[in-house]
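Those protein sequences? They're chains E and W, same order as listed.
Once you know that position 28 of the first sequence is 28 in the working numbering, the rest is easy, because the numbers rise by one and skip nothing.
Once you know that position 35 of the second sequence is 1035 in the working numbering, the rest is easy, because the numbers rise by one and skip nothing.
Some clues are possibly wrong.
[What the hints assert, rightly or not] DSSO-like mimics (lysine-lysine), calculated; alpha carbons at most 30 Å apart, straight line:
1) W:K1011 with E:K42
2) E:K71 with W:K1011
3) W:K1057 with E:K42
4) E:K113 with E:K42
5) E:K68 with E:K56
6) W:K1057 with W:K1071
In short, the hints are calculated from the structure, not lab data.
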Amino acid sequence: GESVGLHLPTLSVQEGDNSIINCAYSNSASDYFIWYKQESGKGPQFIIDIRSNMDKRQGQRVTVLLNKTVKHLSLQIAATQPGDSAVYFCAEGPGDNAGNMLTFGGGTRLMVKP
Amino acid sequence: DTGVSQDPRHKITKRGQNVTFRCDPISEHNRLYWYRQTLGQGPEFLTYFQNEAQLEKSRLLSDRFSAERPKGSFSTLEIQRTEQGDSAMYLCASSYGNEQFFGPGTRLTVL
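Chain W with its partners taken away, still in its complex shape (with noise of 0.2 Å):
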């Protein structure tokens, strides 16, 4: 399979913890994004790399959450003491123009 993977699909944490989600794009692509999904809404966008370099941050980004590319291939999401409203579906997407492909999403619950 050579679209968007994430790991882990699925994350229950208690609140105050840390977590971290992974992103493999597909290979050829050079930016990749980040988005948050609440239940019965559309996605929101968090943030994008252009290799490794990251470039767009949306307000949503609070200060515990940080994103890295480190070699501008896959990428990282972390959420330092997490919130119940941090509970949502994380989305990665990965494109090399403008079609925007997407990965399966991690669910995060925080209890």
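One chain only, chain E, in its complex shape (with noise of 0.2 Å):
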């Protein structure tokens, strides 16, 4: 079935630098795209969302790519930050207002050396 995936399981990077975080989705006909963060015995925490019309989305401290030509989606975190440690999740989802089941991807851990 179609999914979404990430690349890299865990991303080491020191405090201070930039860090870059890779999905891969194959659903085609996904609209809506979204970034968790997932801290030990938490739920997910919303960070930043995107829709197939944009290719870029910016928030603060944190950017968003969408390249639907390679259903590529990538997390940017500027500044890195030890408080930005945790699992990122991304997930996919139709977006529409008939309901947004979300398909998970399989996490990437971040850690942030000081």
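Both chains are given apart, each in its own frame, so use the hints to dock them into the complex.
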């Protein structure tokens, strides 16, 4: 079946550096993409989303890039901080108002070294 | 705290027993979702409600699983005759638009 997946299971970066987490998706019908952060023992926390009619969206210290040609999604975190250490999931959904059942990838663990 | 809440946070049960989990969504959210997450994996969609109507169920939701949202507010997820393979984190999320807000989850351990 169609799925969302990640290239790297673990990413280790130095505090202050920029982080890039990548994700590949295969459902070309997906209209909505989201990045979630999950800390140990907690539920996923929304970071940023993007619709398929956009290729870039910026938030506070985070940027999501969408390349529909190669079905690739990335999350860029600027000036990574120790508090950014967590598992990051990309997810895709139909994004319509009839419901939005999300399909999640397997996650990338981000480790920030002080 | 006005976020999504789930109860209990942890549940240990013996194989064959029934368990029920509760989710209280953010009050103005009309959609409520249940997901299951196993260690090291992303959440997997189980079912979703719009108000009190259950509109979608994953094939992962076997006939031992049932979910309700009787008044369009809180929801319950019941698992009957639990199996060891049911051990997982059960996450609830709610939304009004596209953005889903997740609760802290209920961790189920079946012995």
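Q) Are there hints from earlier that the structure breaks, and if so, what are their numbers? A) 2
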